[in-house]
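*Asks:* Residues per chain are reported as follows:
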Amino acid sequence: MAKETDDRTQRRGGWVPYGLLSPGVVWLALFFLVPLLTLVRVSLSTQESRFEQKFSFTWEFKNYSDVLSEFGDIFLRSFGYAGIATVLCIAIGYPMAYFIAFRGGRYRNLLLGLVVVPFFTSYLVRTIAWVSIMGDEGPFLDLIRALALDGALDGIGITDNGRLLATEWAVIGGLTYNFLPFMVLPIYVSLEKIDVALVEAAKDLYSGAARSFRKVTLPMSLPGVFAGTLLTFIPASGDFINAEFLGGPKNTMIGNVVQQQFLVQNRYTSAAAISLILMVIITAGVLVYAKVLGTEDLT
Amino acid sequence: MTAAVIQRRAAPRWLRRLGSWTLNLVAIGGFVYLFAPIFVTVLYSFNKPRGKFNLVWQEFTLDNWADPFAQADLTDAFVKSLQIAAIATVIATIIGTLMALALSRYRFMGSPIVNLLLILPLTTPEIVMGASLLNLFVDPPLFGNSVDRGFRTILIAHILFCVSFVALTVKARVRGFDWSLEDAAMDLGARPRRVFFRVTLPLITPGVLAAALLSFSLSIDDYIITLFVRGSVETFPLFLAGAIERGISPQINVLASMVLIVSVGLLLAGTAFGRREGRVTPPS
Amino acid sequence: MRRNLSRRQFIGRGAAFAGAVALGPTILAACGGDDDDDAAGGSGGGGGNSLHVDNWPLYLDEESAALFEEQTGISLTYTTVVNDNNEYFATIQPSLSSGDKVDADIFVLTGWMAKRLIDLGWVDELPIADVPNAKNLVDSLVNPAWDPTGKFSLPWQSGLTGIAYNRAATGRELMSVEDLFDPEFRGKIGFLLEMNDSLGLVLRADGVDPENVTFEQAGPAFDRVEAAVADGQIRQFTGNDYQDDLIAGNFVACVSWSGDVGQLALDEPDLAFVIPDEGGMIWSDTMLMPKGTENIEAVAEWMNFCYDPVNAARIAAYVGFLSPVQGVQEELRKSEDTAALADSEVMFPPPTADVLAFNPNLDEEERALFDDRWAEITTG
Numbered sequence: 001m002a003k004e005t006d007d008r009t010q011r012r013g014g015w016v017p018y019g020l021l022s023p024g025v026v027w028l029a030l031f032f033l034v035p036l037l038t039l040v041r042v043s044l045s046t047q048e049s050r051f052e053q054k055f056s057f058t059w060e061f062k063n064y065s066d067v068l069s070e071f072g073d074i075f076l077r078s079f080g081y082a083g084i085a086t087v088l089c090i091a092i093g094y095p096m097a098y099f100i101a102f103r104g105g106r107y108r109n110l111l112l113g114l115v116v117v118p119f120f121t122s123y124l125v126r127t128i129a130w131v132s133i134m135g136d137e138g139p140f141l142d143l144i145r146a147l148a149l150d151g152a153l154d155g156i157g158i159t160d161n162g163r164l165l166a167t168e169w170a171v172i173g174g175l176t177y178n179f180l181p182f183m184v185l186p187i188y189v190s191l192e193k194i195d196v197a198l199v200e201a202a203k204d205l206y207s208g209a210a211r212s213f214r215k216v217t218l219p220m221s222l223p224g225v226f227a228g229t230l231l232t233f234i235p236a237s238g239d240f241i242n243a244e245f246l247g248g249p250k251n252t253m254i255g256n257v258v259q260q261q262f263l264v265q266n267r268y269t270s271a272a273a274i275s276l277i278l279m280v281i282i283t284a285g286v287l288v289y290a291k292v293l294g295t296e297d298l299t
Numbered sequence: 001m002t003a004a005v006i007q008r009r010a011a012p013r014w015l016r017r018l019g020s021w022t023l024n025l026v027a028i029g030g031f032v033y034l035f036a037p038i039f040v041t042v043l044y045s046f047n048k049p050r051g052k053f054n055l056v057w058q059e060f061t062l063d064n065w066a067d068p069f070a071q072a073d074l075t076d077a078f079v080k081s082l083q084i085a086a087i088a089t090v091i092a093t094i095i096g097t098l099m100a101l102a103l104s105r106y107r108f109m110g111s112p113i114v115n116l117l118l119i120l121p122l123t124t125p126e127i128v129m130g131a132s133l134l135n136l137f138v139d140p141p142l143f144g145n146s147v148d149r150g151f152r153t154i155l156i157a158h159i160l161f162c163v164s165f166v167a168l169t170v171k172a173r174v175r176g177f178d179w180s181l182e183d184a185a186m187d188l189g190a191r192p193r194r195v196f197f198r199v200t201l202p203l204i205t206p207g208v209l210a211a212a213l214l215s216f217s218l219s220i221d222d223y224i225i226t227l228f229v230r231g232s233v234e235t236f237p238l239f240l241a242g243a244i245e246r247g248i249s250p251q252i253n254v255l256a257s258m259v260l261i262v263s264v265g266l267l268l269a270g271t272a273f274g275r276r277e278g279r280v281t282p283p284s
Numbered sequence: 001m002r003r004n005l006s007r008r009q010f011i012g013r014g015a016a017f018a019g020a021v022a023l024g025p026t027i028l029a030a031c032g033g034d035d036d037d038d039a040a041g042g043s044g045g046g047g048g049n050s051l052h053v054d055n056w057p058l059y060l061d062e063e064s065a066a067l068f069e070e071q072t073g074i075s076l077t078y079t080t081v082v083n084d085n086n087e088y089f090a091t092i093q094p095s096l097s098s099g100d101k102v103d104a105d106i107f108v109l110t111g112w113m114a115k116r117l118i119d120l121g122w123v124d125e126l127p128i129a130d131v132p133n134a135k136n137l138v139d140s141l142v143n144p145a146w147d148p149t150g151k152f153s154l155p156w157q158s159g160l161t162g163i164a165y166n167r168a169a170t171g172r173e174l175m176s177v178e179d180l181f182d183p184e185f186r187g188k189i190g191f192l193l194e195m196n197d198s199l200g201l202v203l204r205a206d207g208v209d210p211e212n213v214t215f216e217q218a219g220p221a222f223d224r225v226e227a228a229v230a231d232g233q234i235r236q237f238t239g240n241d242y243q244d245d246l247i248a249g250n251f252v253a254c255v256s257w258s259g260d261v262g263q264l265a266l267d268e269p270d271l272a273f274v275i276p277d278e279g280g281m282i283w284s285d286t287m288l289m290p291k292g293t294e295n296i297e298a299v300a301e302w303m304n305f306c307y308d309p310v311n312a313a314r315i316a317a318y319v320g321f322l323s324p325v326q327g328v329q330e331e332l333r334k335s336e337d338t339a340a341l342a343d344s345e346v347m348f349p350p351p352t353a354d355v356l357a358f359n360p361n362l363d364e365e366e367r368a369l370f371d372d373r374w375a376e377i378t379t380g
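Residue numbers (our numbering), protein chains in the order written: chain W, 1 to 299; chain H, 1 to 284; chain L, 1 to 380.
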């Protein structure tokens, strides 16, 4: 519907739209496309010296296969963590968005603001706070021990011998936390557009809140879920902060590997190859996901 | 939607209530979850640590708030981050808004490509973006030498990822506008410049402000991309990373809390302002 | 109806104007030959009026920095951006490998990295002739393994690597590297990310000499660490933040550096530092002058200042590591606050202390083997 309005009142502007676009397009082309191409070139080069930084372009596809065999498991692990975190974000975020949209009433905007406000502190400050909270002698484990749940948590594999830091669930917890607002906001936006009268009518027709939800509300909120999933899964896969501070050597993610290869080992060719593989997988995933959900355009 | 009506018995009342309460519980739990580390951060700003690290609660004190700028290098890094964020926001907002206007107001050849170009950076993990920018600066094509990494390169990087966010945010707000309002204003005798300032600008301002705010917070919090292109410049997030290693002073908590307070203040102000403006375009 | 400017023209011009406003300053800034804002002191010019030093964190107290500026009139830009040898190397590599200058006039890196830079020709000879106080260098550090001619580097601080542990948590005194592998402490042990230190200790426990170790000889030690990671004995590899974990009770014991624990123990008396029975490691962070530095006079003044025993004592008292300057111990004794430090074994280890350095003579290929194997272990 919005599209029709656009078409009807949009105009051809001659050179004007191109003029308006040019600063942005130039900037993006120069600082996004060109580096990407450079990255591709490096990923296909051989590095002659780590210290001296000499490359020769040799169509070295072997870089890619080397990287996959060396770090294939870490790739999978990263997508696994990001995937679980995304699912958790939906599980927690959808109810939150629903609550704000349909139960928020006058306080909607305030609640929405409250969702975003925690993220005005720095990412790292929040992560340090989690290190504090999840520490061996921190409040979370104290509570668990007080409730005598520590055995249970060990049993299902969340904690490792009574500790939470340096385990995969600490990393997943951190990821979930950091991307929760990115899930809540898009879902809220799509829920908010739903006409309440429609929902009421559906409730009458389907005689039940649950069914009307499934048949009406849920499908209409899918674009929001889609957007939220993208905004969560994509950055989560490449994240390395949570793994660095909350995880141990067995919980590293592909982001840590790239950082290490670039900044510590100076292995630029493999770092480039890893980065591109990551990007290709994610973009492919996004396109497939879009097809499956049937959303027309990505915006 | 089909016209067929399916007659089934509604779920029992108690089940519906349970479902409802579970929803509320999860939602509220979510808010608690969101605020847990914030609470800890603010709380520890009142802590008096025994040693270098503000990680274990010792005793309550107001000293830190009395002297928040005690740590010179922390304050320097913080100021640097503010500078970068301010400049990057202004530039990215201008560039992004222009793009958004072009894309929503005009029909022209190549608009799908531009859309794609806008979205690509968002689908790129930060680490890939940082890494490829580093690569660009280290080994620029057509240039002989590498580009020195520092303030300028950080700025370039921040503007880069902010432009996409700004453009998409403004575009989303501006979508569905009835541009013929402008024609109407012109028909009523207004000159183009007046039309722009009295009709167009007020319409797009909320979107632009929101985008600017978003851009500012993205820039000030950026760690990953900045880490790659920073050379030897220290920004607030980078300082924090180092602080975790060498000593987390309570001043960090104080500064973070201050940022929180200011942001909340801006948010409340923004909400009040937005409500006063009211709606000009009929809801689509 | 007349329109002075057609709407299209207005929008078009307005946009062009806005675009120019946006891009203008950026382009100017990018094209400008001027240096970035971050080098506040400015490193150009041969005059000795400014100095830019890149160092590790917590290696200089504010008083000494202020005193230096006062006494010499040189404006000091001191940044603590060296957090890791390899990471810092990555930041200077592009410039130095293509023959460009870097912003810093002096940077401080650990011995083995200094050797690499000296071999690559990326550092200039120090103006030792203009540093009369250089004669105060302790004998053990004259012409060190990483700088045999002694012309390119002047040590800043040295340190020991050993084991830090929480007495209350372990219930006993720890004496040996084997204690780090004790199953009783599973999941509560930390190792340093710095390979030279962590691997070095394990090599010593295995009876291998780290000063001349080859990749093959290091094999069993690598395997041992890898096994400890796999079965959860080693919880995490950390940088300096092992201190966080020690205090928070996440680690019971870990590989650590002498000066840190000395500081921590002042507040947290349960923490102790020990050089293991099998022997510990010793390392030095040393000052280097990057190739192309022009502020040579300022560099000489700085080094002279730091090698004056009075200044060196003040710095040592703050830092808590081993000072490379003779006469510091006596200086510390003179003042009441610092007299206790003069007797500290951590700051002035007895000559009988069994500590060795890590092999600084590994060439690029062999070092790459070490680095890659270590990366494998630390990132799983």
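No lab work stands behind these hints, which were simulated from the structure alone.
Virtual Cβ for every residue (Gly too), placed ideally from N, Cα, C.
Just to be clear, a hint being listed does not mean it is correct.
In silico lysine-lysine, DSSO-like type, Cα no more than 30 Å apart, as pairs [said to hold, decoys possible]:
#	chain 1	residue 1	chain 2	residue 2
1	L	Lys334	L	Lys291
2	W	Lys54	L	Lys291
3	W	Lys54	L	Lys135
4	L	Lys334	L	Lys135
5	H	Lys80	L	Lys135
6	H	Lys48	H	Lys80
7	L	Lys151	L	Lys135
8	W	Lys215	W	Lys291
9	L	Lys151	L	Lys291
10	W	Lys291	W	Lys193
11	L	Lys334	L	Lys101
12	W	Lys215	W	Lys203
13	W	Lys54	L	Lys151
14	L	Lys334	H	Lys80
15	W	Lys62	W	Lys193
Pair ranges (Cβ atoms, derived) [stated by the list, open to error]:
#	chain 1	residue 1	chain 2	residue 2	range
16	H	Arg194	W	Gly105	28 to 34 Å
17	H	Leu181	W	Ala197	39 to 45 Å
18	H	Gly265	L	Ala168	43 to 49 Å
19	L	Asp231	H	Ile28	47 to 53 Å
20	H	Phe60	L	Glu376	28 to 34 Å
21	H	Phe35	L	Pro148	55 to 61 Å
22	H	Phe35	W	Met220	53 to 59 Å
23	W	Gly105	H	Gly265	21 to 27 Å
*Asks:* Broken hints, numbered, in rising order?
*Replies:* 1, 3, 5, 11, 14, 15, 16, 17, 19, 20, 22
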